[in-house]
Amino acid sequence: MTTTAPENLVYDRPEGFTDTPTHYCPGCTHGVAHRLVAEVLEEMGVLDKTIGVAPVGCAVFAYNYFDTDFVEAPHGRAPAMATGIKRVLPDRIVFTYQGDGDLASIGMGEIVHAAARGENLTVIFINNANYGMTGGQMAPTTLPGMKTTSSPNGRDVETQGYPIRMAEMLSTLDGAGYVVRRSLHDPKNIRLAKKAIRLAFETQARGLGFSMVELLSTCPTNWGMTPVNSLKFVEEHMVPAFPLGDYKVAAGIAQIKI
Amino acid sequence: MTRELWKGNEAIAEASVRAGLEAYFGYPITPQTEVLEYLSRRMPELGRTFVQAESELGAINMVYGAACTGVRVMSSSSSPGVSLMMEGISYIAGTEIPAVLINVMRGGPGLGNIAPSQGDYNQAVRGGGHGDYQPIVLAPASVQEAIDLTVLSFDLAERYRSICMVILDGSVGQMMEPAQMPEMQPVQRKDWEWATNAKMGKRERRVLTSIYLDPIQEEKLNLRLIQRWKQIQANEVRYKEYFLDDAEFVIVGFGTAGRVALSAVRTARQRGIKVGLLRPITVSPFPHEVIDQLAGRVEAFLVTEMNSGQMLEDVRLAVKGRVPVEFYGRMGGVVPFTEEILHEIERITTSKLSLDENPRDAWFERMMSSR
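Going down the list, the sequences are from chains A and B. Under the working numbering, the final residue of the first sequence carries the number 1074; numbering is consecutive throughout. Under the working numbering, the final residue of the second sequence carries the number 377; numbering is consecutive throughout.
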């Protein structure tokens, strides 16, 4: 293959991106997650046949950044919209990109049933333990004791319940083919996350059922931390509460070599 | 083609299949469940999409997703289920894409009952969901009309990139009548210039969304929707007239209420009363113009509905206070008998009517004093 790229080029915009700069806060890991998805779609050569479903939340404008067809779902309903698209266009690659308020709270019904039906689509799930876009309210994933704008004294589990571990929950469903949790807090984990995203899309491309990658992410602005401290917070507090791992890898997927 | 005996709900289901329905998403609720049941068998048989969703929220958003790809798609439900769908309907309206929704209405509010009602008129014709939009709403009064309007609804939805709703009360959905099915249309997957069906090496990427963060852009959408609505008003108003040529009194009723009124009008005519019936087929866009013209030459109107006087307000807007508008309604799932309408015809043709009285208040007083 001949290219005109300079020999020293080590980093460039993936083809899966448009030229639009993102609106995300400095230090937020949405940009990293977006890039991983774009790289995977490019490497698989499926950008042309991909349709994304954006959520309501910080990623509501995800459709501005990916160079693929995109639709924008009502809050929490992305898996239902994706179901509608994938069922009538089964040869396309369909993915949703959802936050924790969107997926684990208002959209709990849609995500559980999409997984239970074994819908052949891929879900990228951003878990940053709060509602980012509305200014940092308590989410179903907020850690016990964690302060948010709607749990100002820290999440009190007696009155506000416990965090929901989505990957573990969805992995119990027979329709789920590939359900894993990764983290974006350091380069090693980012590489592992990319591999998981690739496997999730490969699951779909092979028709092996529902796939989801949960990504532990930062929200420096709403957490009131520097980007570096946010990454530390993920490593020290979120990873213990939301253990990384492969919760469901169907037999056919375990054999995929990438 | 021959006429066959069809149950309303199943007739709608088969009519949608013959109109080229590619995907159906629904959830069980009485009295529309036969649509779902029929299509659960019929759609897979033809290699088309059928999904029983986890809820009406799920169903309407599956419709939303499929509609974005440009295929003919439909859901059906009944009153409480349609309330749940209102979020998705507003999004579909804001995204300017076509979709068909059948509402087999039942008694309400709340859980209500499963008896026939027209209580969702306002919800349907005023939009129901949040924001500024108006859906096209068709109201059949028989199984044959339910078939014809279901087929029409797909064409209208696509022509105007709009939600098209067919509202029928539970009795039309549940009863069996002889009716003729249209020929099977082939599924035509049109490559709309807006559909998000993936680039496939042929074009630039497309985005479908209902978010316009800049208020000026949102207002542009609002204006575009009104512009489209003006075309719909100009081209798509449909109604049926019965005995109106020499009528001195006019009944206005849609769906089953209109059908019962027709029996009453026929009997009244035999008695020499010059009464006619106007039955709106499109309750949105509403046939204002014909009522406006009639108001210039008749003595009074009687609006009959299976609700507390919802369409009544639209009739009054068209009549503009020129002649009295009277009202008779039954609610809660009660279907009026022909004799009740006949009694009302006799009342309005023999008593002195007031222009000042609020017809709904007067009807309510008559209802309360008769029990």
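Calculated from the structure, these hints are not laboratory results. Computed from a prediction, not measured in an experiment: that's the story for all the values here. All C-beta atoms, glycine included, are put in the ideal place defined by N, C-alpha and C. Take the hints with a grain of salt, since some may be wrong.
[What the hints assert, rightly or not] Partial pick of chain A residues on the chain B-facing surface, computed with a CB cut under 7 Å: (1) 826; (2) 827; (3) 829; (4) 867; (5) 897; (6) 901; (7) 1069.
Cross-check of the supplied hints:
Hint status for residue 826 of chain A relative to chain B: violated, with the closest Cβ pair at about 27 Å, above 7 Å. Because the smallest distance between the Cβ of residue 827 of chain A and any Cβ of chain B comes to about 24 Å, over 7 Å, the interface hint for this residue is violated. Nearest Cβ of chain B to the Cβ of residue 829 of chain A: about 15 Å, over the 7 Å cut. The hint is violated. With its C-beta approaching chain B no nearer than about 5 Å, residue 867 of chain A sits inside the 7 Å limit, and its interface hint holds.
Interface restraint check: residue 897 of chain A against chain B, minimum CB-CB distance 3 Å, threshold 7 Å, status holds. With its C-beta approaching chain B no nearer than about 4 Å, residue 901 of chain A sits inside the 7 Å limit, and its interface hint holds. Interface hint status for residue 1069 of chain A: violated, as the beta-carbon distance to the closest one in chain B is roughly 24 Å, over 7 Å.
Violated hints for the displayed structure, listed by number in ascending order: 1, 2, 3 and 7.
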